[in-house]
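Enquirer: Chains as they are written, first to last, in the working numbering: chain A, 1 to 365; chain B, 1 to 270.
Hints listed in this document are in silico derivations from the structure and should not be mistaken for laboratory results.
Accuracy of the hints is not assured; some may be wrong.
Subject to a maximum C-alpha distance of 25 Å in a straight line, what follows is the list of computed DSS-like cross-link-like pairs (lysine-lysine) [said to hold, decoys possible]: (1) K181(B) with K114(A); (2) K54(A) with K181(B); (3) K320(A) with K338(A).
Not close to chain B: a few residues of chain A, all C-beta gaps over 10 Å, as computed [what the hints assert, rightly or not]: (4) Q178; (5) D200; (6) S365.
The beta-carbon is built from N, C-alpha and C at its ideal position, and this holds for glycine as well.
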Amino acid sequence: MVEPATGSADLELSGLIRRFGTVTALAGVDLAVRAGELLTILGPSGSGKTTLLKAVAGFEMLDAGDIRLKGRDITLAPPARRNIGMVFQNYALFPHMDVAANVAFPLEMRGMAKAAIAEKVAWALQTVDLAGYGARLPRQLSGGQQQRVALARAVVFDPGLLLLDEPFGALDRKLREQMQLEVKRLQRRLGLTTLFVTHDQEEALILSDRIAVMKSGQIEQLGTPEEIYARPANRFVADFIGESNLFRCRVSAVADGMATLTGEGGLTLRIVAGTLTAIGSEIGALLRPERPRILVPGETAGNMAEGEVVEAVYLGESVKYALRLVGGGSLLVRLPFKAGHGMLSPGQRLRLGWDPADMHAVPWS
Amino acid sequence: MVVSGRPGRPLAPGRKLLIAYCVLVMVFLLLPLAIVFPISFSSAQSLQFPPPGYSLRWYRTYVNDPVWMAATWRSLIIALWTTALATVLGTLLAFSIVRGNYPGKAIVNQIATAPLIVPTIIYSIAVYGLFAGFKMIGLWQGIVLGHTVHALPFVVMIVGAALRTFDATQEQAAEGLGASKLQAIRRVTLPQIRPALISAAFLAFISSFDELVIAMFLGGSNVTLPKKMFDNITMEIEPTVAVVSVLQIVLVSLVLMLAARFGAGARPVT
Chain A
1 MVEPATGSAD LELSGLIRRF GTVTALAGVD LAVRAGELLT ILGPSGSGKT
51 TLLKAVAGFE MLDAGDIRLK GRDITLAPPA RRNIGMVFQN YALFPHMDVA
101 ANVAFPLEMR GMAKAAIAEK VAWALQTVDL AGYGARLPRQ LSGGQQQRVA
151 LARAVVFDPG LLLLDEPFGA LDRKLREQMQ LEVKRLQRRL GLTTLFVTHD
201 QEEALILSDR IAVMKSGQIE QLGTPEEIYA RPANRFVADF IGESNLFRCR
251 VSAVADGMAT LTGEGGLTLR IVAGTLTAIG SEIGALLRPE RPRILVPGET
301 AGNMAEGEVV EAVYLGESVK YALRLVGGGS LLVRLPFKAG HGMLSPGQRL
351 RLGWDPADMH AVPWS
Chain B
1 MVVSGRPGRP LAPGRKLLIA YCVLVMVFLL LPLAIVFPIS FSSAQSLQFP
51 PPGYSLRWYR TYVNDPVWMA ATWRSLIIAL WTTALATVLG TLLAFSIVRG
101 NYPGKAIVNQ IATAPLIVPT IIYSIAVYGL FAGFKMIGLW QGIVLGHTVH
151 ALPFVVMIVG AALRTFDATQ EQAAEGLGAS KLQAIRRVTL PQIRPALISA
201 AFLAFISSFD ELVIAMFLGG SNVTLPKKMF DNITMEIEPT VAVVSVLQIV
251 LVSLVLMLAA RFGAGARPVT
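Bound-form chain B, shown alone (with noise of 0.2 Å):
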């Protein structure tokens, strides 16, 4: 924690109650942590804590259970293929809606950044009702499509702040030199804006793999790993739970340190 202030100067007042509030927030917020590890490495039957004992049973337990196997690589093909799309259709829609130049583009941009400001509930519901109609429920595809809508916001917004940046008469020399419009994107543009690519990906993928609601609509009996996860919590309460949370939560830290790392200079703008 960075506490800046003059050395040989008292904190003010203030300043000390902001401090005793920030330490509490990270305490509140980091406190479930501190309990789902050590559960996940309990040798109870149920959820305890503290564990009376340490074992890796239910570790075990999770990767020789084919249904918690199933629902795991469901949800990494899901989060993948969520990647994939949102990333690219993404980035295109960034493209049109800050270098384009036609009627309704305000409109257009109201749309690809809706999905964040409608409940997901609401959105569920109404894809639900659509892919109904196309007899679509129960296809891991299907919920591709939802969850590549519901990410493409972020693509949008964090490609978007990285194009309205980025100083456009690079592309036009790059056009005058002799390159495409499409080889300019392609060797001058996508290479700058490179960080902002895989921040937006990371957190296309993120979405997907941590996503509930939209899953349990359209899944059918085709679990996700947090369907999966649900589902465990409201019929047995046993630890393999809190082993998927820790793997979940390893590997989206994964994914952020991976993020920062070659996703340095491009923060999401809200």
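So here's chain A without its partners, still in its complex pose (with noise of 0.2 Å):
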């Protein structure tokens, strides 16, 4: 459980714009991070958020908005006066330089005495862990440690924000899952606001105490990462956030709170009504995987399906199956795994059931 950060905004995007010929890279983004936040912009390829990036860290020009960080101005200011450390997608370290001067890089250009330089070094190095290597060349370290060296020297002088680039891309996945965990603790405790882009989405709900997600260079909601995922706010996110199964619906009925939905292939399933009052509207009602659970015979639950196992895929912990249901459509779900109990294989029947407020209805169009 994360949780989430309070305070005043330090980074404020407003209105923010740009195109590229007939493309629309920004369509108006507004965006407040707050202080001390992590904030996750996450997105497919193509959605903007590498441009949303680029503007903030000054490296793309805007065609409308502005950009505040901690109350200035900054949306002409040229990158080097703009106060941002960034860690790029490979790191950009400086090849010919060891890795005490490319963490003194950012002190010497702002000016500062060579005692100070090398105190600050000691301490950003210390931070990552990297204390004693100072005189290596970037090439002569792992791809883990060229990140904390890259890390380093974005938090070296004091920025005002952190800018993450997919960082994490080029690493193995347990490496990558632990440097996730240690960006994420070097973060909270030097309290840096940090924007962070990416387009896995799993190390979004991972990292982040807040998530954007962006599609055609607008944001699509903007919510914990616990929000995002259980009740995304339209169909792209449901779909882009964890597996989901997304039945095409009409609302047949609503009585006490719960709504009947009508789908496909004679498929009726009851939910937590909410705001769904419209009978006959056209809705999607969305189902995560890890919500059905197998019933007993002669069990029942507020919604219920049956179906042939088509496909199973061993998970470790749990087992993911896909379903072909008994009026036709498919059902995706991941049942834990107890040993002894094996595998189903296909062509096994099995009845699941879930209940009403495990679902979560979006607006179909």
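Please assemble the complex out of the two chains, which come individually in their own frames, going by the hints.
Expert: Quick look at the structure:
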């Protein structure tokens, strides 16, 4: 459970617009990143997230809108005057300088005295667990170590904002998870306001205080990881974050706070009505694969479905099944793998049940 | 010579032919050296091979002749100025061509490499016509300008190739860390493309130091070393020219060795 960040906005983006010919990369983005918060811009490639990051860093000019960092308007400031620390996708370490010189670079550019630089560099390397590595060249370090150097270089000058541009892509899975946690810890400890850009939704869920999901140059939804995962605002977000079953349904009845939905193939679902009141309206009913459970014979649930296993994928702690439902249609479920029970094999039938509260409605159109 | 082939397997006839051909080419290219070196140490009055005896008299003649010496110094000074100008201007041009984004960039690129394509004689006549109008014929500075334009393509191509493979995000990183554009280039880019810069400078030097045609047209009475050698061969046949050739070969080899040593990793891309 991530504590929601509070406090005033450190980075304020308002009305950012950027067009490349006929392509609109940013179509009026408004966003406020709170002090000390790690906010993730999550989106597929082409969603405009990289353009947004470049605009904040100062490498991309805007057609309209403005950017304020700690109250200062930096819309037109050159990158050097923005006081933003950035970790690049490929780290962009200077290969001809040793680790200490890399980390000292931003301080030198700020005209800091030699003794103070040495002290700061030592502190930064200590912070990323690389004390004693100052004399090495970047190419003599492992990928994870290079990333730490990039991180040290980005935070050594007390930047007003930390930008992370998909920094974990080049690392193998285990190292990536370790680095994600380290970055998170460092960011918390230094209280750095951070903007993190990624296309990896899993990474976004792990790291973020809040996530802004982007598509076609616009923010589709802004919220905590829990909100984004459990209550996506629309079909795009529901589909992009995590795995999902999305049933196209019509509202056929509403009574006692419950709505009855009818879908294709005679599927009938019950869902907490909430704001669903219009009978006949078309919605998407979202069901996450880990919600359904196997019903023992005779057991009933608010929603039930019966189907045949088409495909089974063993995931270690769970098994993912693709089912063909009796009335047609398909269902993706993830069931805990209990030793001794074994896996169901294709062709086997099973009956599943889940509660109305396990589902979430999103507008279909 | 490296002959790759699996041990214990006879070379294919085509391969044998290729090796024979390579040896022939090498002999053909190196033979002049084998003749020039002994002749420079000749004791004879004229160009004779093999020399009847050996002495250093022609080296003495060369060193003690004020005309030869003046031509040598002139060529060196012209080559050094050309190197400096061509390297600086060519590097700026390479930056503009690789990094710039402006209409007509392709044309600038073509023009920058044109001196390689246009025959030197045509170029020389054109420059002669232009400089004659400015009353610049006979000035060594004129030759420097002519040689600089002639050397630009080498610099633009070598530095351009290095810039193309250089990861520009490093410059962005430097700027983000507080460096101005100029500081980013000076501290991050230039140190990393230094081998290319050195190779380009050496090539510019050699292209000027060796150059005859442009110097002939623009030099007037201010003869450069290649022009003096040319005159020497046309007017009198004596071994001083062999001495100068040997010294030139030694100098150029030295320059190439230095280029290989400090310019490692950067090869001209043509």
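Enquirer: Tell me, which hint numbers fail for this structure?
Expert: none
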